[in-house]
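Q: Take a look at the letters that make up each chain.
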Amino acid sequence: MTRNSKFLSISSLFGFIFLYAPILSLIIYSFNKSKLVTVWGGWSVKWYVELFNNQQIIDAAIVSFKVAFITATLSVILGVLAGYVLSRMGKFPGKLIVSGWVSAPLIMPEVITGLSLLLLFVSLENLIGWPAGRGITTIIIAHTTFCMAYVAVIVQSRLSQMDDSLEEAAMDLGAKPQSLFFLITLPIISPAIISGWLLAFTMSLDDLVIASFVSGPGNSTLPMVIFSKIRLGVTPEVNALATIMILIVAIGVVAAMWQMRKKEKAL
Amino acid sequence: MTQETTIPLWKQDGAKPFIQIKNVTKKFGEFTAVDNVSLDIYENELFCLLGGSGSGKSTLLRILAGFEELTSGQVLIDGIDMANIEPWNRPINMMFQSYALFPHMTVAKNIAFGLKRDKVPKKEIELRVAEMLSMMQIEEFAHRKPDQLSGGQRQRVALARALIKRPKLLLLDEPLGALDKKLREETQFELVNIQDKLGVTFIVVTHDQEEAMTLATRIGVMGNGIITQVDEPRDVYEYPSSRFVAEFVGSINLFDGRIYEDDVEHVKIKSKKAGCNFFVNHGISCSPNQKVTVAIRPEKMKVTRRQPDQEYNCLYGQIVDIAYMGNLSIFRVKLKSGKIVRVTLPNLVRENRNPLTWDDFVYLAWDYDSSVVLTS
Numbered sequence: 001m002t003r004n005s006k007f008l009s010i011s012s013l014f015g016f017i018f019l020y021a022p023i024l025s026l027i028i029y030s031f032n033k034s035k036l037v038t039v040w041g042g043w044s045v046k047w048y049v050e051l052f053n054n055q056q057i058i059d060a061a062i063v064s065f066k067v068a069f070i071t072a073t074l075s076v077i078l079g080v081l082a083g084y085v086l087s088r089m090g091k092f093p094g095k096l097i098v099s100g101w102v103s104a105p106l107i108m109p110e111v112i113t114g115l116s117l118l119l120l121f122v123s124l125e126n127l128i129g130w131p132a133g134r135g136i137t138t139i140i141i142a143h144t145t146f147c148m149a150y151v152a153v154i155v156q157s158r159l160s161q162m163d164d165s166l167e168e169a170a171m172d173l174g175a176k177p178q179s180l181f182f183l184i185t186l187p188i189i190s191p192a193i194i195s196g197w198l199l200a201f202t203m204s205l206d207d208l209v210i211a212s213f214v215s216g217p218g219n220s221t222l223p224m225v226i227f228s229k230i231r232l233g234v235t236p237e238v239n240a241l242a243t244i245m246i247l248i249v250a251i252g253v254v255a256a257m258w259q260m261r262k263k264e265k266a267l
Numbered sequence: 268m269t270q271e272t273t274i275p276l277w278k279q280d281g282a283k284p285f286i287q288i289k290n291v292t293k294k295f296g297e298f299t300a301v302d303n304v305s306l307d308i309y310e311n312e313l314f315c316l317l318g319g320s321g322s323g324k325s326t327l328l329r330i331l332a333g334f335e336e337l338t339s340g341q342v343l344i345d346g347i348d349m350a351n352i353e354p355w356n357r358p359i360n361m362m363f364q365s366y367a368l369f370p371h372m373t374v375a376k377n378i379a380f381g382l383k384r385d386k387v388p389k390k391e392i393e394l395r396v397a398e399m400l401s402m403m404q405i406e407e408f409a410h411r412k413p414d415q416l417s418g419g420q421r422q423r424v425a426l427a428r429a430l431i432k433r434p435k436l437l438l439l440d441e442p443l444g445a446l447d448k449k450l451r452e453e454t455q456f457e458l459v460n461i462q463d464k465l466g467v468t469f470i471v472v473t474h475d476q477e478e479a480m481t482l483a484t485r486i487g488v489m490g491n492g493i494i495t496q497v498d499e500p501r502d503v504y505e506y507p508s509s510r511f512v513a514e515f516v517g518s519i520n521l522f523d524g525r526i527y528e529d530d531v532e533h534v535k536i537k538s539k540k541a542g543c544n545f546f547v548n549h550g551i552s553c554s555p556n557q558k559v560t561v562a563i564r565p566e567k568m569k570v571t572r573r574q575p576d577q578e579y580n581c582l583y584g585q586i587v588d589i590a591y592m593g594n595l596s597i598f599r600v601k602l603k604s605g606k607i608v609r610v611t612l613p614n615l616v617r618e619n620r621n622p623l624t625w626d627d628f629v630y631l632a633w634d635y636d637s638s639v640v641l642t643s
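Residue numbers (the numbering used here), protein chains in the order written: chain X, 1 to 267; chain C, 268 to 643.
Don't read these hints as lab results, they were simulated from the structure.
Keep in mind that a hint or two might mislead.
[Unchecked claim] Looking from chain C toward chain X, a few residues come up when the C-beta cut is under 10 angstroms (computed): (1) Asn351; (2) Glu353; (3) Asn356; (4) Asn360; (5) Met361; (6) Phe363; (7) Gln364; (8) Phe380; (9) Gly381; (10) Lys383; (11) Asp440.
[To be verified] Within a straight-line C-alpha distance of at most 27 angstroms, the following computed DSSO-like cross-link-like pairs (lysine-lysine) qualify: (12) X/Lys176 x C/Lys569; (13) X/Lys176 x C/Lys294; (14) X/Lys176 x C/Lys386; (15) C/Lys539 x X/Lys176; (16) C/Lys567 x C/Lys540; (17) C/Lys558 x C/Lys537; (18) X/Lys176 x C/Lys537; (19) C/Lys383 x C/Lys464; (20) X/Lys95 x C/Lys294; (21) C/Lys376 x X/Lys176; (22) C/Lys278 x C/Lys289; (23) C/Lys435 x X/Lys176; (24) C/Lys376 x C/Lys386; (25) C/Lys389 x C/Lys376; (26) X/Lys262 x C/Lys412; (27) C/Lys383 x X/Lys176; (28) X/Lys91 x C/Lys294.
Quick reminder that beta carbons are idealized off the backbone N, C-alpha and C, glycines included.
Whenever a hint applies, use it, and build me the whole structure from the sequences.
A: Spelled out as structure tokens, the structure:
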């Protein structure tokens, strides 16, 4: 037993080092005084100060947060509807295919999603004149297509855990199907909705590939700006920015997990 | 329960049934859950549907509530056909096995839910909820959420929520299933009192025959989607109509035999397995030489070491097992044919000087009117 647990703790230690050592070094180097990324010159927060004086980065951050917020909200609305249909429609012919369609964007390579959406937007613009050019709108639409799938999966799994008799009891007490959804189903799955929103928000904030395909000039998201900066050589400024991004994403993921845990306890 | 002096409705000729289930069949694909069931239930009854899992009892209950569509047949409540009436418009409420309390609402809000849907004025809702809380003795939990309640308290909330709309009919799906034994006994009597006080017709689904016995005015025994017998609890126990009912309700010893003397006043039955002949002091409709089953309850037998002075209904065997249950003891007696017979004896005295023990040879005898002859 003891040998076994020693083995377990050593292997988990290696696992964590493997996962987090690069991130840790990035965080440490973001406080580097030296202008050279690889040379340690003592502690400093000057790159953070410089970061907040960089208008290009601030603009990109505003675009990113705007996109993430709208994407998350749209994804929740569409994802809840999709998840509800999939878990409540019972068995209908082709259900497997439909549920496969809903979750396909989860496994679709981002390059393909990005490329196909770009082609769609271009031909739509030629045909009906909308969306005019590429910018925030197209990024939001593109992000919503894959974030919605995550929300749908989360909501569906929550709904399938829900006791069917709760909805039956509400019906039995006089609630019609439409009020039933808002009075019983929605409040009960609200933790899943919140965690779905947080997940969609972080995923949209994270995305580089799809956004690169569908964004237009002057509408770069934060990951796109970071990526373009790295091509010109890594500056400590990027380290500082990445550290902030990690912090935000980590808060989002932890909050989502915490919501899910709370939901499980309430069951 | 109905008063002793009045004749119960189901025994009166021409009494109008409150609920009429007519040739109801429900199929799930190929599987027939409820098979051509017809049943009349009268006002103020506390009717128990008793059956094992998969017997179709819950499906029948869900049909009444409107959650399952009929494959064929008809359900009338108070003379009205329920076919096109949605669950939320039926004068019925249901208490679910899982209680199905809304986890995001307080106890008071759970109870008020039904009235709010009916747009009852706020003042009246408050009044009726308060009344219900005090009747169920759960006032102190009014502002708690369901997950802060014990099983017994949840059961009361579920009952209160189902009763607040003053339904004509209350359906209860295993209402006491989740409670421990002691609480279950107390709640059984309480349930009967509430039913009596409110004058609501109850239909209870249960797999627990003891529960059915104490609660019911009448019991419907269900198996394989069919109602095999509908009778008052005593009759179901003492006069089971079939082998299925006899075995399902309580424990019973069964002996296969053949009628060799058939008279208007009595029947004599030969059984190889029993090692003796049976005498039943009433006639039964049967053909001579017909195969029948003689059924005798474990508590109806007398156990003696000396041979009793009776030619019929007397078994001889050796005690192979004894289970001391406190109030009574269960003996398993092995007959010459190898058949095991179950006998129960009350433990009338604290210390028995000459107790029956393992390997003792004993005679088991019973009166001519104690056994039941089953032809189906």
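Q: The structure should be examined with respect to each hint, and the outcome stated for every one.
A: Going through the hints against the structure:
{"no.": "1", "hint": "Asn351", "in the structure": "15 angstroms, violated"}
{"no.": "2", "hint": "Glu353", "in the structure": "8 angstroms, holds"}
{"no.": "3", "hint": "Asn356", "in the structure": "8 angstroms, holds"}
{"no.": "4", "hint": "Asn360", "in the structure": "6 angstroms, holds"}
{"no.": "5", "hint": "Met361", "in the structure": "5 angstroms, holds"}
{"no.": "6", "hint": "Phe363", "in the structure": "4 angstroms, holds"}
{"no.": "7", "hint": "Gln364", "in the structure": "8 angstroms, holds"}
{"no.": "8", "hint": "Phe380", "in the structure": "5 angstroms, holds"}
{"no.": "9", "hint": "Gly381", "in the structure": "4 angstroms, holds"}
{"no.": "10", "hint": "Lys383", "in the structure": "9 angstroms, holds"}
{"no.": "11", "hint": "Asp440", "in the structure": "9 angstroms, holds"}
{"no.": "12", "hint": "X/Lys176 x C/Lys569", "in the structure": "61 angstroms, violated"}
{"no.": "13", "hint": "X/Lys176 x C/Lys294", "in the structure": "26 angstroms, holds"}
{"no.": "14", "hint": "X/Lys176 x C/Lys386", "in the structure": "13 angstroms, holds"}
{"no.": "15", "hint": "C/Lys539 x X/Lys176", "in the structure": "63 angstroms, violated"}
{"no.": "16", "hint": "C/Lys567 x C/Lys540", "in the structure": "19 angstroms, holds"}
{"no.": "17", "hint": "C/Lys558 x C/Lys537", "in the structure": "10 angstroms, holds"}
{"no.": "18", "hint": "X/Lys176 x C/Lys537", "in the structure": "63 angstroms, violated"}
{"no.": "19", "hint": "C/Lys383 x C/Lys464", "in the structure": "24 angstroms, holds"}
{"no.": "20", "hint": "X/Lys95 x C/Lys294", "in the structure": "22 angstroms, holds"}
{"no.": "21", "hint": "C/Lys376 x X/Lys176", "in the structure": "18 angstroms, holds"}
{"no.": "22", "hint": "C/Lys278 x C/Lys289", "in the structure": "19 angstroms, holds"}
{"no.": "23", "hint": "C/Lys435 x X/Lys176", "in the structure": "20 angstroms, holds"}
{"no.": "24", "hint": "C/Lys376 x C/Lys386", "in the structure": "14 angstroms, holds"}
{"no.": "25", "hint": "C/Lys389 x C/Lys376", "in the structure": "12 angstroms, holds"}
{"no.": "26", "hint": "X/Lys262 x C/Lys412", "in the structure": "15 angstroms, holds"}
{"no.": "27", "hint": "C/Lys383 x X/Lys176", "in the structure": "12 angstroms, holds"}
{"no.": "28", "hint": "X/Lys91 x C/Lys294", "in the structure": "16 angstroms, holds"}
Of the hints listed earlier, those the structure fails to meet are numbers 1, 12, 15 and 18, in rising order.
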